[in-house]
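Trainee: Fit chain L to the supplied structure of chain X, relying on the hints for placement.
From first to last, the protein sequence lines are chains X and L. If you number the first sequence the way my numbering does, the last residue is 441 and the count never jumps. If you number the second sequence the way my numbering does, the last residue is 1144 and the count never jumps.
Note that these hints are calculated values from the structure, not bench results. In this text, a Cβ means the ideal position worked out from N, Cα and C, and glycines have one as well. Fair warning: there could be bad hints in the mix.
What the hints assert, rightly or not - Listed next, with one range per pair, are the computed distances between beta-carbon atoms: (1) G1063(L) with G126(X): 33 to 43 angstroms; (2) L1068(L) with E204(X): 22 to 32 angstroms; (3) E254(X) with L1068(L): 41 to 51 angstroms; (4) R73(X) with R1013(L): 35 to 45 angstroms; (5) E204(X) with G1081(L): 55 to 65 angstroms; (6) R389(X) with S1025(L): 28 to 38 angstroms; (7) G1063(L) with R409(X): 25 to 35 angstroms; (8) E1022(L) with D271(X): 55 to 65 angstroms; (9) A129(X) with E1057(L): 44 to 54 angstroms; (10) V339(X) with F1103(L): 45 to 55 angstroms; (11) D1118(L) with R409(X): 25 to 35 angstroms; (12) P1014(L) with G126(X): 50 to 60 angstroms; (13) K396(X) with E1057(L): 27 to 37 angstroms.
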Amino acid sequence: MKNNIHPESMPDYLVPDELRALQLIRLQDTVQRCYDNVELFRKRMDERGLKPADIQCLDDVAKLPFTQKTDLRDTYPYGLFAVPMKEVVRLHASSGTTGKPIVVGYTKDDLDVWSSVMLRSFVATGMHAGDVLQNAYGYGLFTGGLGAHYGAERLGAAVIPISGGNTERQILVMKDFGVTAICCTPSYFIHLIEKVNTSGVRFEELGIKIGIFGAEPWTEAMRAYIQRESGIKAYDIYGLSEIIGPGVGIECSEQAGLHIFEDHFLIEIVDPETDEVLPDGKEGELVITTLTKQAFPMIRYRTHDITSIISKPCACGRTIRRINRIRSRSDDMMIIRGVNVFPSQIEAALLSVEETVPHYQILLTRKGGLDQIEVQVEVTKEMFGDRIRELESMQKKLAFAVEHVVGLRVPIRLVEPNTIVRSEGKAKRVIDQRNKGEEIR
Amino acid sequence: MKLKQLSIFLENRPGHLSNACEVLSNAGLNIVTMMLADTSEFGILRLIIREWERAKEVLESAGFTVNLTEVLAIEVADEPGGLEKILKVAEAGGLSIEYMYAFACKPNKNALIVVRFDDISRACSVMTDSGIGVLSAAGFYNEA
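With the rest of the complex left out, here is chain L:
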């Protein structure tokens, strides 16, 4: 249910993002989805990669500071009110969202969002109990 997410500390300077991506591409690792948070001086690159253990290893041996966190991949109906429904459930369940990111999906399918909650285990059960689709890792990678 929970998805492993890798976060990398990057300085906000030209070339630093591509360095990280180069390490992954040299190792033949594909990024399923990603999000870049930034400030004027530094950024955090968050990555979902199927072979996250190997990705972590190659990034760390290339000298990056890598943090491992767990996030949920949630199915969202690709229609008006789709996201709102999920946020209402989170609100009613007293869940706090740290951040979330989405990616476009194939036609006729639901959208997918990646959400980091403060309490992921509880978030997982709140969502499932409310009938909201939380994808398993395998399911997520298939969708992706």
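The following block holds chain X by itself, in its conformation from the complex:
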């Protein structure tokens, strides 16, 4: 079986003991480099009376201080870099929702690792040399576009660097360029499916077999919808700029959790409230330590992504562990009248009702000091059959499904098609107007 494995994917199949030993050596090296070169990290280690030599086994990682997104903002732009600028060959930045962006850097070796984990990601989805990849992730400061680009080139696939947006051109390329694989955000892909299917061509006829979707949380129900409506196999990819970009983890052909490239990334799950490390299988916040990054190493980075580790071996034969699909981001969580609500729950509920396509938006407002939530759902041709009572019954079905999942009565508003703004990158599902004055209608 190992004869068929792509040579670069060999670490996916390491014997667990060997993998752990490799992780420990790399962790010790990373901690030493950070201690020597990153002031904030050294200060925090010293405050705890910790020295790099105290990291004796993998579990010792729990002694190390966490790194928070605010640390990245506070040290803007280059305060956490561990190499001099002359060794940095690439900079990316992620758009911060508040104020300044977060800047990340790469050495030549970092770019090599990045394209390698992206190659391994593509291999896991069944892509190979000869595939034609439409790369509709944004090129530029965002890590998605270039990350996928270099990984696919390294694999030997033909990359179409179309970047995000310009839906008409995306569809033209899909139809004419012999595209066999595509990557973009899942919400944008759904938009593409709709556009193609209303252009008189069935998506299945296009010859695209593989879709690699990430950069925003999505659900199993959305996968089912995508696969049914487009005939492709849809894979979830995971990554974040602070760690490397896309390529931290990917689903394999089993589509049952995302394999993490553990030879480069050490994962833990912690309780977001108590910071306590949780055992495999327990759900909590994913914390990642980079093991090989040179320019921008991260120690115990709090991702805010909620998931759990699957330690059971995967049927695909890879020994690197998996995480469950990211259920939500802990900072996406909305607290509505004391109830924790995740947008992904609402999405899953909406999709569980037949005939709905996932064009929806969650609107949060405040009336008389009370949080109000409303879910707007676009009325599709399939839902609409001339009778008021059919619409009302659809509305009830949706409201019931949402209430059943989130435990809160959530009014559903049916809105006209194409009134919810389509995103060409990450979908904006939640419009929070709670602090913008009351009464918006």
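Mentor: Coordinates of chain L only, in the frame set by chain X:
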């Protein structure tokens, strides 16, 4: 005999009805008759338009969700008991009426109502067999 009716989903908010009408007027399409059903949040605009295929096309390309249904245009004597007579026939025939709407007619003519039945084909024969005037599309547009 059967008339094509277009139904459009509208949000119940200022300007939404006129948007739909503007699309039709820009395409030079005249509304023969119409009815607006509403709830507090949304409404359904039902339209009878002679060139319904073109109307459907322009509305859909303007982004509206359009549904096509068939209705009957029935002649009603413009006198006391005119409508009752028709309803009796429907009742006796076991027909169920989803909704109906009427429009005023020219002097000395019968009134016209547009009716959506649950089973339109059967409704058509029940009405015709009872001697009630069901207008053909051409007849309807002429009357209108």
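Trainee: Next, verify each hint and record whether it holds.
Mentor: Here is what the structure says about each hint:
1. Between G1063(L) and G126(X) the Cβ separation comes to about 38 angstroms, which falls inside the hinted range of 33 to 43 angstroms.
2. A beta carbon spacing of about 27 angstroms between L1068(L) and E204(X) agrees with the range 22 to 32 angstroms that was offered as a hint.
3. The given range of 41 to 51 angstroms is respected by E254(X) and L1068(L), whose C-beta atoms sit roughly 44 angstroms from each other.
4. The hinted range of 35 to 45 angstroms is satisfied by R73(X) and R1013(L), whose Cβ atoms lie roughly 40 angstroms apart.
5. Under the hint 55 to 65 angstroms, the C-beta atoms of E204(X) and G1081(L), about 59 angstroms apart, fit the expected range.
6. Under the hint 28 to 38 angstroms, the C-beta atoms of R389(X) and S1025(L), about 31 angstroms apart, fit the expected range.
7. A C-beta distance of roughly 31 angstroms is found between G1063(L) and R409(X), which places it inside the suggested range of 25 to 35 angstroms.
8. For the hinted restraint 55 to 65 angstroms between E1022(L) and D271(X), the CB-CB distance of approximately 57 angstroms keeps it satisfied.
9. In this structure, A129(X) and E1057(L) meet the distance hint of 44 to 54 angstroms, their C-beta atoms being roughly 46 angstroms apart.
10. At about 50 angstroms, the beta-carbon gap between V339(X) and F1103(L) stays in the expected band of 45 to 55 angstroms.
11. Checking the proposed 25 to 35 angstroms range against D1118(L) and R409(X) shows it holds: the Cβ atoms sit about 33 angstroms from each other.
12. About 52 angstroms separates the C-beta atoms of P1014(L) and G126(X), a value consistent with the hinted range of 50 to 60 angstroms.
13. At about 32 angstroms, the beta-carbon gap between K396(X) and E1057(L) stays in the expected band of 27 to 37 angstroms.
Violated hints are absent here; each numbered hint is respected by the structure.
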